[in-house]
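Chains as they are written, first to last, in numbering that gives the first Met the number 0: chain G, 0 to 326; chain L, 0 to 226.
Each hint should be verified, as a subset may be incorrect.
To be verified - Calculated pairs, DSS-like style, for lysine-lysine (alpha carbon to alpha carbon, straight line, at most 30 Å):
1. K135/L to K110/L
2. K53/L to K309/G
3. K2/L to K27/L
4. K30/L to K47/G
5. K32/G to K2/L
6. K216/L to K182/L
7. K15/G to K53/L
8. K190/G to K282/G
9. K216/L to K323/G
10. K47/G to K89/L
11. K47/G to K216/L
12. K135/L to K323/G
13. K323/G to K30/L
14. K198/L to K182/L
15. K15/G to K27/L
16. K2/L to K47/G
17. K47/G to K198/L
18. K135/L to K198/L
19. K198/L to K113/L
20. K140/L to K47/G
21. K140/G to K323/G
22. K110/L to K47/G
23. K312/G to K53/L
24. K47/G to K53/L
None of these hints come from the bench; they were simulated from the model.
Computed from a prediction, not measured in an experiment: that's the story for all the values here.
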Amino acid sequence: MAIETSCDDTSIAVLKEDKILANVTANQEIHAKYGGVVPELASRNHEKNIVRVFNEAINQSGIDQSELDAIAFTQGPGLLGSLMVGVSFAKSLALGLNIPLIAVNHLQAHIAALYIENPNPTFPFICLLVSGGHTQIIWVKDFFSYEILGSTLDDAGGEAFDKIGKMLDLPYPAGPAIDRLAQKGDPERFKFTYSKVPDFNYSFSGFKTQVLYFLRDQEKLDANFKASNINDLCASIQHHICTYLLKPVAKLMKEREVLGLAVVGGVSANAELRIEMQKLALKNQIPFMVPDFQYCTDNAGMIAEVAKYKFEKEDFVTLDVVAKARF
Amino acid sequence: MPKVLGIETTGAFCSVALFNESRVIASKINKQANSHSSILHLLIQELLQEQHIKPSDLDAIALSSGPGSYTGLRIGSSSAKGLAIATGAKLISIPTHYGMLFNPTLPNDTKAFKHVICLTDARRNDVFATAYSLDKDRIGKTAVLDLTDELVQTQLNHSASIIIGSGAEKAEALLSPIHLYLKDDALHAANLFEPSTAKFANEEFEPLYDFGPLYEKEFYTNQKVSK
Ligand SMILES: Nc1ncnc2c1ncn2[C@@H]1O[C@H](COP(=O)(O)OP(=O)(O)OP(=O)(O)O)[C@@H](O)[C@H]1O
Ligand SMILES: [Mg+2]
Numbered sequence: 000m001a002i003e004t005s006c007d008d009t010s011i012a013v014l015k016e017d018k019i020l021a022n023v024t025a026n027q028e029i030h031a032k033y034g035g036v037v038p039e040l041a042s043r044n045h046e047k048n049i050v051r052v053f054n055e056a057i058n059q060s061g062i063d064q065s066e067l068d069a070i071a072f073t074q075g076p077g078l079l080g081s082l083m084v085g086v087s088f089a090k091s092l093a094l095g096l097n098i099p100l101i102a103v104n105h106l107q108a109h110i111a112a113l114y115i116e117n118p119n120p121t122f123p124f125i126c127l128l129v130s131g132g133h134t135q136i137i138w139v140k141d142f143f144s145y146e147i148l149g150s151t152l153d154d155a156g157g158e159a160f161d162k163i164g165k166m167l168d169l170p171y172p173a174g175p176a177i178d179r180l181a182q183k184g185d186p187e188r189f190k191f192t193y194s195k196v197p198d199f200n201y202s203f204s205g206f207k208t209q210v211l212y213f214l215r216d217q218e219k220l221d222a223n224f225k226a227s228n229i230n231d232l233c234a235s236i237q238h239h240i241c242t243y244l245l246k247p248v249a250k251l252m253k254e255r256e257v258l259g260l261a262v263v264g265g266v267s268a269n270a271e272l273r274i275e276m277q278k279l280a281l282k283n284q285i286p287f288m289v290p291d292f293q294y295c296t297d298n299a300g301m302i303a304e305v306a307k308y309k310f311e312k313e314d315f316v317t318l319d320v321v322a323k324a325r326f
Numbered sequence: 000m001p002k003v004l005g006i007e008t009t010g011a012f013c014s015v016a017l018f019n020e021s022r023v024i025a026s027k028i029n030k031q032a033n034s035h036s037s038i039l040h041l042l043i044q045e046l047l048q049e050q051h052i053k054p055s056d057l058d059a060i061a062l063s064s065g066p067g068s069y070t071g072l073r074i075g076s077s078s079a080k081g082l083a084i085a086t087g088a089k090l091i092s093i094p095t096h097y098g099m100l101f102n103p104t105l106p107n108d109t110k111a112f113k114h115v116i117c118l119t120d121a122r123r124n125d126v127f128a129t130a131y132s133l134d135k136d137r138i139g140k141t142a143v144l145d146l147t148d149e150l151v152q153t154q155l156n157h158s159a160s161i162i163i164g165s166g167a168e169k170a171e172a173l174l175s176p177i178h179l180y181l182k183d184d185a186l187h188a189a190n191l192f193e194p195s196t197a198k199f200a201n202e203e204f205e206p207l208y209d210f211g212p213l214y215e216k217e218f219y220t221n222q223k224v225s226k
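In isolation and in its complexed conformation, chain L is listed as follows (with noise of 0.2 Å):
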């Protein structure tokens, strides 16, 4: 049975999980935030040991691989890729928002509404926000939305969604009662077992020297361009 270790840095809290192909073995998150740098490695340490499982029987890392922090990606990035050399286990790569929508706290009657908005942090008014139909296939692309902005509330409120992740506190505060909001913070590695059982059997697997992460915003800097 392959084994996959599942990686989710990309926001507050830091977790791993263990899957097979039939369920998730074992998974861990440690819940101090942003201390992923000094936390990671240990967690995938305990957890393989835990399952008496060496690092080198791992058949594929499973990232979530964006968007969120820029420093949790390239944290979460550099290590999977590192892994996967060292190991010789392929590399799958789950959008952040794609694998929330596997999150167990989403409820199972959804009739009332029509989609499912991920949203995520993106620091000032900002977040990352993703629209999937209830069959879980994207609505366009992942943008960075300012939720102050009335016609971005205009438009979310155009229909009830069921509306999940970190910025799903922020949004309650400014869009219309009409959408459902789950405010636990929707990310966790083992979310990624569904997702990544159906890329492992399908072989689709992330070319080591070209993945990069899901940064989903314009690199901005207030630096002049020199003459």
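If we strip away everything but chain G, and leave its shape as in the complex, we get (with noise of 0.2 Å):
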């Protein structure tokens, strides 16, 4: 069984074998309305949920809970208080049913979402994660072993999705928003210059600031001008970010021998970046991978496949184990 509760979803999966059983999420709709995460609203969400989640997980997966061999969790990074939740109720867990526990790495974790379909990946590849949190390029080199070649200096792509989101209006979070109403505008209406940092790194903050003047500027044109333009400015404003966050996957990709192409985390999930990124691939003729959706954004089966290689190196950890924001 693995618990993931390092933001605001509260997500428990049942694993036996290869095969994911159940995998239940409770989503924590209250954050919309403050336009963001509140930690402490988040935490409470968490604990008042943890045993629906789990009754959910049991009943679907139909096992018993005496079956099962081990307890795995999000150590982090994440939200201290939301992970300590999960953390307390994992430890409870092994420590009654008397079976090991495991500690996850949630990064790790959204890399190890593309092995629940592809067991037998070819490596070294290259994956792309963005989330709400983070936007890495990653060289993995096998299933656990890698090496972060690029990170965002600033915001994450899911972030800067989010927050460009709010500025036009949308529901927290904006992402899957932009992707659906960016299917019904013109990619190619409104540009935007793309901020260079070095190396294979990221930075959003710059193109942040810069839909924030163009709307304002726009605005004093024409009051309604975000409403009337959101399918052009939401194709627009993905077009960027993906477009973007392909440019130094591309780079590297001219100077390393790569046998694999991946994109995780939650903005896996954009349609316009699973297209461009196999786009690439295709052009490179290597494999292109990404998880299936519900394994994209957070979710406890994904925590899961990490706790499954770990069960077998028997890779446990003891009851004082804590919950780490970061890593």
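Could you use the hints to bring the two separately framed chains together as a complex?
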């Protein structure tokens, strides 16, 4: 059994051999009202939801809790208060059922989401991780052997979607809404300049400011500018972010011999990003991997996938293990 | 004989205790402030091992359920619920201030006083406060009080009370000497023995899927509600 409570989704999965029997997630809609995750509220809701999610996961899996062989949990990175709920609950289950406890790194799990459907990827591959909290280019040498080659210097890709979405009056998290509205818009209508940062890194803060001023100027001319151009705005903004995300990946592919390309994290649910990454892989004639939608945003299925490997290696932790906000 | 595990995580120190219906069998406290998240399960494990008891032998988990530190409340509650699910033990909730009334340092001769007021820290100048009669009946509700507030001070000085808990020190500096201040941190899992034994006998258990700690304070954020 795997437990994920790093941000605002309470998720529990049950994995048996190679199959995920249940992957139950309770989302916390309440944060939309505040335009972002409120940590104390998130912690309270995890505490409130966790038993129901547990019961539902056990029911869906069709197994009896006495059959569980290990309990895995997200140790971090994430919100400390949220993580603590999952860690405390997991420790109690392990202690009470007298079975081992496995600590999982949330970012490793985002990558491992790939292995759920691709159990035998070709290494090394480049993995672009884009989520609400992270944007990294990762050189994956083996299942759990990586090197981070680039990161964002400020906001994460998902955060850029969410913050710009907020400027466009879209509800939090705005990523999925932008994706949906962009389908009906013109991606070439509005152009923005790309922030130049060294090596394989990213920066989204300049772009955010550009959009802010652009909207302000346009609204002076037409008070309804945002609403009447929402589809084109979403399409252009999404196009800018996706194109920008791909630039250092393409650069890296020229420099190294790469045997695969992958995109993971919440933003890997984005249609344009999936297609563009796939095209890049096709151009280089290498396999492309992306997790199934249900394993893109935070979920315990991906935690279970890491736990599966750790269980085989008997990589267990003791009951004094604590959550870590940062790794 | 039923076996009950008491858990106290609402204050600075975390403690656990094991009871049967007639006595406290053993208890443990860790006096390293705010290390609940690393210590709690080790304390439980050691306590049970020393008493040669398996987790599955537990009949109930008695939780000091708040108010107190939010993080502490959640560590206690998530842990108690997890342990109850895993072992099939029942969950018993004892409001933290009510549990404090069973603290052994309370004087036997209390005739000079009319009430016991439990005060625990609620950050800034605030304390969580609950008043009880000497017969341990609660008077009104648990409140969040600002002890520097003169109206609050006047009210609290209205009649002599025994003031206990981590807020007693703060109170002693601000209130009149008519009260008896017991500044010892009155929180300990062993205090849960009497009230949880009574609840166990009456089968007053909490539904696991619905239980939550007693925060006793509206959640507050600076984050603006967006349009
Ligand atoms: N279809 C989509 N298009 C664009 N962005 C999306 C889409 N679906 C989800 N997102 C974005 O993904 C992010 C959430 O992803 P995820 O749940 O992996 O992040 P997180 O857990 O908040 O951060 P981290 O994993 O770094 O701790 C949000 O920013 C959301 O807007
Ligand atoms: Mg995530």
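Hint check results:
1. For the suggested pair K135/L and K110/L, the alpha carbons sit about 14 Å apart, so the restraint of at most 30 Å is met.
2. Pair hint K53/L plus K309/G holds up; C-alpha atoms about 26 Å apart against a cutoff of 30 Å.
3. A threshold of 30 Å between alpha carbons decides the hint, and for K2/L with K27/L the separation of about 16 Å falls inside it, so the pair holds.
4. Proposed proximity of K30/L and K47/G is supported: the alpha carbons are some 29 Å apart, at most 30 Å.
5. Of the pairs offered as hints, the one joining K32/G and K2/L is violated, with about 45 Å between alpha carbons and a cut-off of 30 Å exceeded.
6. For a cut-off of 30 Å, the pair hint linking K216/L to K182/L stands: about 23 Å separates their Cα positions.
7. For the proposed pair K15/G and K53/L, the alpha carbon gap of about 27 Å is at most 30 Å, so the pair holds.
8. For the suggested pair K190/G and K282/G, the alpha carbons sit about 25 Å apart, so the restraint of at most 30 Å is met.
9. Proposed proximity of K216/L and K323/G is supported: the alpha carbons are some 27 Å apart, at most 30 Å.
10. The hinted pair formed by K47/G and K89/L meets the criterion: a straight-line CA distance of about 18 Å does not exceed 30 Å.
11. With a C-alpha separation of about 16 Å, the suggested pairing of K47/G with K216/L holds against the 30 Å cut-off.
12. Our distance criterion of 30 Å between C-alpha atoms is broken by K135/L and K323/G, whose separation comes to about 41 Å.
13. Between K323/G and K30/L the CA atoms are separated by roughly 22 Å; this keeps the pair inside 30 Å, and the hint holds.
14. Of the supplied pair hints, the one linking K198/L and K182/L holds, its CA atoms being roughly 28 Å apart against a limit of 30 Å.
15. Annotation: proposed proximity of K15/G to K27/L is violated, straight-line Cα distance about 38 Å (limit 30 Å).
16. Using a Cα cut-off of 30 Å, the hinted pair K2/L and K47/G holds, with the two alpha carbons roughly 26 Å apart.
17. For a cut-off of 30 Å, the pair hint linking K47/G to K198/L stands: about 23 Å separates their Cα positions.
18. With a C-alpha separation of about 15 Å, the suggested pairing of K135/L with K198/L holds against the 30 Å cut-off.
19. The suggested pairing of K198/L with K113/L holds, with an alpha-carbon distance near 26 Å, which does not exceed 30 Å.
20. Between the alpha carbons of K140/L and K47/G the distance comes to roughly 23 Å, so the proposed pair stays at or under 30 Å and holds.
21. Of the supplied pair hints, the one linking K140/G and K323/G holds, its CA atoms being roughly 25 Å apart against a limit of 30 Å.
22. Of the pairs offered as hints, the one joining K110/L and K47/G is violated, with about 43 Å between alpha carbons and a cut-off of 30 Å exceeded.
23. Between K312/G and K53/L the CA atoms are separated by roughly 27 Å; this keeps the pair inside 30 Å, and the hint holds.
24. For the hint linking K47/G to K53/L, the alpha-carbon distance of about 28 Å falls within 30 Å, and the restraint holds.
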